[in-house]
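Quick mapping for you: the protein sequence lines, in order, are chains A and B.
The first sequence begins at 869 in my numbering and counts up by one.
The second sequence begins at 17 in my numbering and counts up by one.
Treat the hints with caution; some may be incorrect.
[Stated by the list, open to error] From the derived model, a few chain A residues whose C-beta atoms are all more than 10 angstroms from chain B:
1. 916
2. 1027
3. 1049
4. 1057
5. 1065
6. 1079
7. 1084
8. 1090
[Stated by the list, open to error] What the simulated footprint calls covered on chain B by chain A, stretch by stretch (three residues with Cβ under 8 angstroms from a Cβ of chain A suffice, anywhere in the stretch; the number is not a length):
9. 81-93
10. 152-160
11. 186-192
[Stated by the list, open to error] Computed footprint of chain A on chain B; a stretch qualifies when at least three of its residues, placed anywhere within it, have a C-beta under 8 angstroms from a C-beta of chain A:
12. 44-53
13. 68-78
None of these hints come from the bench; they were simulated from the model.
On a predicted model such as this, the values are computed, not experimentally measured, just so you know.
In this text, a Cβ means the ideal position worked out from N, Cα and C, and glycines have one as well.
For reference, the chains in residue letters:
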Amino acid sequence: MSTPDDLDALAGEYVLGTLDLVERRAVDARRSREPLLDAAIRGWEDRLAPLNELLPEATLEADLFPSISAAIDRLGADQGIAHLNRRIRRWQWAAGLASAAAVVLAVGLGASMLLTRTAQTELVALLAKDATSPAFVVSVDLASRQLTVLPSAVEPPAGKAYELWLVNARYEAPRSLGLISPSAATRSDRLASYSDEVIASSTLAVSLEPDGGSPTGKPTGPVVFSGRFVHPKI
Amino acid sequence: MSEDHPLAKLLARAAGGDRASFRALYDATSAKLLGTILRICKDRDLARDLLQEVYVKIWQNARSFDATQSSPVTWMVAIARYRAIDEMRRRKPETSGSEQELDDAAAEFVDPLASRDRREEAARLSQCLDGLEAERRQAILLAYCYGASRESLAERFARPVATIKTWLRRSLTQLRGCLEG
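The shape of chain B in the complex, shown without the other chains (with noise of 0.2 angstroms):
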């Protein structure tokens, strides 16, 4: 996390009504905005509309973006998950993920992290996680990365939603415990 980072030279400029910095900022980081959408929302029409206006929020908001407390990407990916997850529940829990793809997506989830990036943080999570019970830790993944809803979720695992919430909320608090302790 610091000003120096490219993406965040690049935001900085866009903030202050650089068009060409935020061309550049849109073309180093729209394939990664768009995945992210196209994992929660599938649709691509749907998506396409979506990224458009995370873009135009990302430079509505681009002020408020402080470099010293988190980094450009997180941000970023940050605005577009929020959008596309609001939109699923906007359009209610029978077209979010059907059972299939959670049930797809959960097979991929062996060790999430472990042949990604080691650093720190990353491997941090990724012990952390492993903390977790197997199910509690597919359905958070499921939630991050798919934007399952709790009622996905309740489907998926066959437990009543409130069972999924206290997984949730318990989940998160034993991942807050582990990655501080």
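Looking at chain A on its own, in the form it has when it is part of the complex (with noise of 0.2 angstroms):
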């Protein structure tokens, strides 16, 4: 569980924008979700906010406001998405308290996994064992199927090696995504086959397995991290 020096840390390293890839999209997922987290990141922004006037101005050749413009457009014709983007955002802040409260109760909390959306079609998912610490950002494109795993810091241990699973009801048994890589993004086609519904509400987990996945096809070492979305399909 992090303490306000913590949280006032990140949010300040946040700001001054030296937080990796991981570190910054989980404070992105939080942040919805965690009002303490966000008014410490509008405190640093507010802070360091004179530095702004050492930033130059720069002019573009073409005027770029029609393309913004039509891309306004083409939002417009998903009105009804922004605004159950604005319920789910209210739920999100509802669950976050939720969470807050569970977390004081509960400090021996497991794995846990939040998700977020980045853009109108790719789901972000981060993988993690506390809320501070993410191991893995699962992301997917669902224009295009292609799942992207980005590793943070883990180290499986000798002669072992991370499976990613989708867990979900409707299958009896965990399918495994691959085998993910600890040091580089892995890259692959295997949510091809399933539908948005099932992506959205699967649970994604990591186990350990041995080297070269597990010979089984179902999970035989221990689930590392794993968490259920908390986020419907947008």
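Assembly of the complex is requested from the two constituent chains, each provided in isolation within its own frame, with the hints serving as guidance.
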């Protein structure tokens, strides 16, 4: 569990820009659910705002506004989605308060998983043991079904490998999404045959398997990172 | 910070769906946001794409802007900086600021806010930055203004990444203490 000082340091580094991508994504995901973190970020934005005067101005040769306006028009077609998003954000806010209380009660809480949305068609999940140490960022581009897994400072024991699983009540057993690298991005199309509904309603789990992956097609080692999607499909 | 700020009014109207007000907001702020993005990502084509995304995001999030909590420019610059920094982190360290660029940038920061706007907050921050050791102060400024990563700062100052992380956190704590002191 993070102390107020940890939270403020995290917010400060977020505003400064020195967190790595996995840490930034984790903060983005937490921010919409944690009013204290959001307030700490705004505090640092305000404190460092005089530095904005050091940032230069630059002009474009061509007027960009028409293409911005066109992009907004395309969004307009999804107004219903924007409305749904606002409802979901309110729901996340409430869930964030509830989970903060739960963390106070259950310090030894196991794995958690946060989910946020970075673009119209991208779902992002953070696989973590606890709220401050995400191990993997899993993103899915729903348009192309491309699955990307980014690791962060994790190392399996010698002779072991991490394998990613999709767990859904529709299936009797977890479905393997393949081995994932602890040191580099893993990209695959293993989600190509799953629907948006299945993807968004699934749990992702990472188990420790022998090098080369599970010999049985089902998880054989302990699940080291996992959690439920807390966010319905957009 | 006030709802009477002209840009805050434009943002409020944009939040209500007024495209003409949004155009005026774009005209008033796009040079600053482009400069901000370009300083971090260096590539004009990429900066243009990111600028477009940033304005779409500003349009989408205009409703959540709270004029009693922050200034419109602070809010918009933050969106632009975060988008550019995310992109640089995604592209991996070798594409963020080179050693030479960071050296040139470091040379610029003699007294960064000295000849600028002497508003009370700027003067105060400048004073507090002066209280940091020279290298730590440079690290803060290179990170904020140039999007320098911990790795590029480690290279620039020939220190381990863990040391840089400690520097940054201690510097932030010291700055906060100074600003609130």
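Verification of the hints:
At roughly 6 angstroms, the least C-beta separation between residue 916(A) and chain B is not larger than 10 angstroms, which violates its mark as non-interface. The beta carbon of residue 1027(A) is kept farther than 10 angstroms from every beta carbon of chain B, the shortest such distance being approximately 28 angstroms. With a minimum CB-CB distance of about 15 angstroms to chain B, residue 1049(A) clears the 10 angstroms threshold, and the non-interface call stands. With a least beta-carbon separation of about 20 angstroms from chain B, residue 1057(A) lies farther than 10 angstroms from that chain, consistent with its non-interface assignment.
No Cβ of chain B approaches the Cβ of residue 1065(A) within 10 angstroms, the least distance being about 25 angstroms, so the stated non-interface status holds. With a least CB separation of 26 angstroms from chain B, residue 1079(A) remains clear of the 10 angstroms interface cut-off, as annotated. No beta-carbon of chain B comes within 10 angstroms of the beta-carbon of residue 1084(A); the shortest separation is about 36 angstroms. Residue-level check passed: residue 1090(A) sits 29 angstroms from the nearest beta carbon of chain B, beyond 10 angstroms.
A count of 7 residues in the region 81-93 of chain B with a Cβ less than 8 angstroms from any Cβ of chain A is obtained; the coverage claim is therefore met, three being the minimum. Only residues whose beta carbon comes within less than 8 angstroms of a beta carbon in chain A count, and the region 152-160 of chain B has 4; three or more means the coverage holds. Counting residues of the region 186-192 of chain B whose beta carbon lies closer than 8 angstroms to any beta carbon of chain A gives 4, which reaches the threshold of three, so the coverage claim holds. Counting residues of the region 44-53 of chain B whose C-beta sits closer than 8 angstroms to any C-beta of chain A gives 6, which meets the bar of three, so the coverage hint holds.
Evaluation of the coverage hint for the region 68-78 of chain B: fulfilled, as 5 residues show C-beta separations to chain A shorter than 8 angstroms, against a requirement of three.
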